[in-house]
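Colleague: Given chain A, work out where chain B should sit, using these hints.
If you want the building blocks of each chain, they are given just below.
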Amino acid sequence: MEHIVIIGNGISGVTLARHVRKLSDKKITIVSAETDYFFSRTALMYIYMGHMKFEHTQPYENWFWEKNRIELKKGYVNSIDTDIKTLHFADGDQITYDKLVIATGSKPNKFGWPGQDLNGAQGLYSKQDLDNMEVVAPDNKVCKRAVIVGGGLIGIELAEMLNSRDIPVTFLVRESSFWNGVLPEGESQMINRHIKNHHIDLRLNTNLKAINSDGNGNVKSIIIEETGEEIACNFVGLTAGVTPNISFLKNSKIETNKGVLVNRYLETNIKDVYAIGDCAEQRKAIGNRRPIEAVWYTGRMMGETLAQTICDNKLQYKPGHWFNSAKFLDIEYQTYGWVFGEKGRPNHEKHFHWKHEDDTKCITIAYHKDSNVFLGINTFGIRMRHETFDKWLTENRTVDYVINNLKEANFDPEFYKQFEAKILDAYNNQLQTA
Amino acid sequence: MSNKLNHSMSLASPDAFNISTKQKFALGIGLVGLFILALALFNVNLPNTALFLTLAIGMITVGTIIYSRAAYLSKLEGIKNDGAWFKSLVSRGFWGWALGIILTSFYIILYFYPQYLGLGKNGEANTGLVGLFDPLSNLLSGRNASQWFVYGTLYTIAILAFGYKFILKYRHNRYQQIRTISVMFFQLGFAYLIPEFMYIMNNDLPYYDLKNIWPLNYYLFDEWSVKGFLSNGNIGLALILFGIVSTFIITPILTYKYGKRWYCSWVCGCGGLAETAGDPFRHLSSKKLSAWKIERWLIHLVLVFSVIMTTAMVYSYLGKDSNNFWLTREVFITAEIIFLTFIFGTVMFFKGKELGKDAKYGAIGYALVIIILLVMHFTATIDHLFYVKSGTLRSVYGIYIGSIFSGVIGTGFYPILGNRTWCRFGCPMAAILGFQQRLFSKFRITTNGGQCISCGNCSNSCEMGIDVRAYAQKGENIVRSSCVGCGICSAVCPRGVLKLENDTMKGRINPTEILLGNDVDLMDLINNK
Chain A
1485 MEHIVIIGNG
1495 ISGVTLARHV
1505 RKLSDKKITI
1515 VSAETDYFFS
1525 RTALMYIYMG
1535 HMKFEHTQPY
1545 ENWFWEKNRI
1555 ELKKGYVNSI
1565 DTDIKTLHFA
1575 DGDQITYDKL
1585 VIATGSKPNK
1595 FGWPGQDLNG
1605 AQGLYSKQDL
1615 DNMEVVAPDN
1625 KVCKRAVIVG
1635 GGLIGIELAE
1645 MLNSRDIPVT
1655 FLVRESSFWN
1665 GVLPEGESQM
1675 INRHIKNHHI
1685 DLRLNTNLKA
1695 INSDGNGNVK
1705 SIIIEETGEE
1715 IACNFVGLTA
1725 GVTPNISFLK
1735 NSKIETNKGV
1745 LVNRYLETNI
1755 KDVYAIGDCA
1765 EQRKAIGNRR
1775 PIEAVWYTGR
1785 MMGETLAQTI
1795 CDNKLQYKPG
1805 HWFNSAKFLD
1815 IEYQTYGWVF
1825 GEKGRPNHEK
1835 HFHWKHEDDT
1845 KCITIAYHKD
1855 SNVFLGINTF
1865 GIRMRHETFD
1875 KWLTENRTVD
1885 YVINNLKEAN
1895 FDPEFYKQFE
1905 AKILDAYNNQ
1915 LQTA
Chain B
4 MSNKLNHSMS
14 LASPDAFNIS
24 TKQKFALGIG
34 LVGLFILALA
44 LFNVNLPNTA
54 LFLTLAIGMI
64 TVGTIIYSRA
74 AYLSKLEGIK
84 NDGAWFKSLV
94 SRGFWGWALG
104 IILTSFYIIL
114 YFYPQYLGLG
124 KNGEANTGLV
134 GLFDPLSNLL
144 SGRNASQWFV
154 YGTLYTIAIL
164 AFGYKFILKY
174 RHNRYQQIRT
184 ISVMFFQLGF
194 AYLIPEFMYI
204 MNNDLPYYDL
214 KNIWPLNYYL
224 FDEWSVKGFL
234 SNGNIGLALI
244 LFGIVSTFII
254 TPILTYKYGK
264 RWYCSWVCGC
274 GGLAETAGDP
284 FRHLSSKKLS
294 AWKIERWLIH
304 LVLVFSVIMT
314 TAMVYSYLGK
324 DSNNFWLTRE
334 VFITAEIIFL
344 TFIFGTVMFF
354 KGKELGKDAK
364 YGAIGYALVI
374 IILLVMHFTA
384 TIDHLFYVKS
394 GTLRSVYGIY
404 IGSIFSGVIG
414 TGFYPILGNR
424 TWCRFGCPMA
434 AILGFQQRLF
444 SKFRITTNGG
454 QCISCGNCSN
464 SCEMGIDVRA
474 YAQKGENIVR
484 SSCVGCGICS
494 AVCPRGVLKL
504 ENDTMKGRIN
514 PTEILLGNDV
524 DLMDLINNK
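Line by line, the protein sequences are chains A and B. So for the first sequence, this note's numbering puts the first residue at 1485; every next one is plus one. So for the second sequence, this note's numbering puts the first residue at 4; every next one is plus one.
Next up, chain A with everything else stripped away, as it sits in the complex:
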């Protein structure tokens, strides 16, 4: 029986395993050094905030794996010998595979800041990161202040977490406005204000220079690059993006760049070795997508796709229309299609922006300036229906059509106030004045 070995028990690897099991009787082994069972990484924050316990973040009960004949092996893979199809573990153990899938995810970026490895300086990615955080920042008596470096999605989650325990937070963002490499200006600035409303000390245009030690290997303070200001703190969250977690491959024959290089079939340069999820890097980017997509959904889609290939239905990774979502403290965000921030926005892309006066809801619709074809939408504080936008994108609807039919896409709970009429008014006014 063919033996499929998957390194990594995150969403990519587990989705793959589930689908391979549905399609075949192959022997499946999932290897992880992180946890015994699959958990939802995106839910780590809720454990610290007390909304859930760790076991609640596990999407399948523990009996699930044996019932579906998916073997779980806890261990750290030191090296891979692709010639004899063997994995060598840190504890000396080894296993052989017929097909190998690398799904090891990411690790937080560290840019060589002095003091970045001190106790109390860390990212938030793994279960271990959360455990460490519970030690160094359990409450505001042990951790008098926390500093977060990097204005992205994990940064703001970390800020929310610390806030829930009344730990004062200083949030250093390199850009001139929160996440404006991705978000258009109006949205980004609304989130700036929302962050400040939560009493988080947001510092824009601010870089980290160094992290100081207290002499015992613990974080004592940080220094700001621009002003030289020293901020006393006991915790430094390093959230300036993530990078593929593939250092264990460096002595293997598997070709890597930032991530494991794969073609559209998710195959590496070595036969019978594949890579999916955060750690996979497309040799050539697909459409507007980045070569490395560290997103939950893309990891899942790659798992769904590769299962077909492994079970003898060779299939390209061909993701549909881009979508994503996040939550910025109390404001939910969804996006369908492409809406660019200032950076990298194509010349033909024009925006219609509407913001509610309460400053917690807004939308931005991107469209082609010549053809008026709808390109994508960002929505804050208003839920939208994925299916509807997917359909409209496929049908190449115009911006007029989308705005006139926006109600159809509304996904807010019943009895919520609806804003389609206001949005339509704003749209009509804006066009007349423009």
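These are computed hints drawn from the structure, not numbers from a lab. A virtual CB, placed ideally from N, CA and C, is assigned to each residue, including glycine. Certain hints may be false.
Stated by the list, open to error - Computed spacing ranges between beta-carbons, pair by pair:
hint : chain 1 : residue 1 : chain 2 : residue 2 : range
1    : A       : Asp1909   : B       : Leu528    : 42 to 52 Å
2    : B       : Asp361    : A       : Glu1555   : 27 to 37 Å
3    : B       : Met508    : A       : Asp1909   : 48 to 58 Å
4    : B       : Lys509    : A       : Asn1603   : 55 to 65 Å
5    : A       : Asn1603   : B       : Phe45     : 28 to 38 Å
6    : A       : Thr1570   : B       : Asp361    : 41 to 51 Å
7    : A       : Asn1856   : B       : Gly192    : 49 to 59 Å
8    : A       : Ala1905   : B       : Phe115    : 52 to 62 Å
9    : B       : Val35     : A       : Phe1899   : 31 to 41 Å
10   : B       : Asp506    : A       : Lys1625   : 33 to 43 Å
11   : B       : Asp361    : A       : Ala1905   : 37 to 47 Å
12   : B       : Ala294    : A       : Lys1511   : 23 to 33 Å
Stated by the list, open to error - Residues from chain A shown here face chain B by an in silico Cβ test under 8 Å; the list is partial:
hint : residue
13   : Met1533
14   : His1535
15   : Phe1899
Modeller: Chain B alone, transformed into the frame defined by chain A:
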């Protein structure tokens, strides 16, 4: 992972670690109110009962209101679950168990030893806690209080005060607010005030909470009750007819249109308490598959029990001679068997396939009920059914289901098993509504394409123990008989994945393997196979 517990009594979620001075003050006021009730309970002779009762109720209410305002209005609108699993009271810690034991004891005394609450026996004056409530009862209906009046009053106060708290907690969510106002209204009006006023207008009429529907108000069809109503002319007859219409006509229509939520989380009193005072305990329900299996057996057994018990109850006072009254024992049992057969046949015809192997269990259940009814009919004597006195079945049901299951376990165990134990494992009304919701209703919780991140907030906050995530992460709508439509899963979802809605029956149940967002050809290949 944090296992440390905070032994604060705080019920409000944002103050995971400390409560403010204002909240301590509010807690103090509320506790003094409770202390007055405790004094009365231990038979301290309070001089001016009207004054002390007002003080007690007022302080509990005001305390809760001040506490809630301090907890929620100082924060921005949003989800307030911080620290829920750290607090002893709401995560089965010391205070949780303590509260569970206190509540359970209270229910045992209430149901089985009301004299300890001060209920005067054989016309004696009330003392203690019941005595304390005499002035209010006299004010409302001109009679002295009973233990049920005390319970009803406290119950109503709990729903109103904690309902207010819940509305503040979800002040960004109009579905939650409107729903809560609805349960507060039905409790205060229909369950509490209207029956008292009905008593003033006509004190021969038996107690009737109009929103209670069979099989919850099985006692409506008790002999003394039916006689009581019928001896009151048209109004009594109208009430009895309303009871029948509400079960067989109003309920199916509303459930078809809106799902069982129209009752369970908008109208019902048990639901009302669970959604307000019980809300902080919602995450304690078990989401295990094994719990679901127990649930399915238990709730349907209770349903079978209640059908047979009610039948036996009515049967016992029917005669054999159609000259006296057209509805004889024979007519009644024949009509019921025809009715049950009609329902069973219809379901099997239209939904048999969809039910799969559950159809087998349904058939066994149906056959069992019919056999039991026939056995009853052919072994019955004038005052014996199933060879025991005809009232036995009813009193067994009353004690074990009506009192112990719904009260002692259902509410007393809030801090241990979560706030919907009765609704989930025991309520026969929920079983009927759920059956219809699963098979014949426009209601579902729609899953938003591929947006689920499997975080588990939805499952965690489901009071009915539904593993919502198991559906959401497959992009499958949630169509479950037990769902009471409280909408909290949708509220806590950080990615906007869940929406409660009433839409067409077509495509309501939509199992998918490949989620929206992936290769369209792959979705076609797998999902339309």
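Colleague: Can you list which hints this structure breaks, lowest number first?
Modeller: Hints 3, 5 and 10 contradicted; others consistent.
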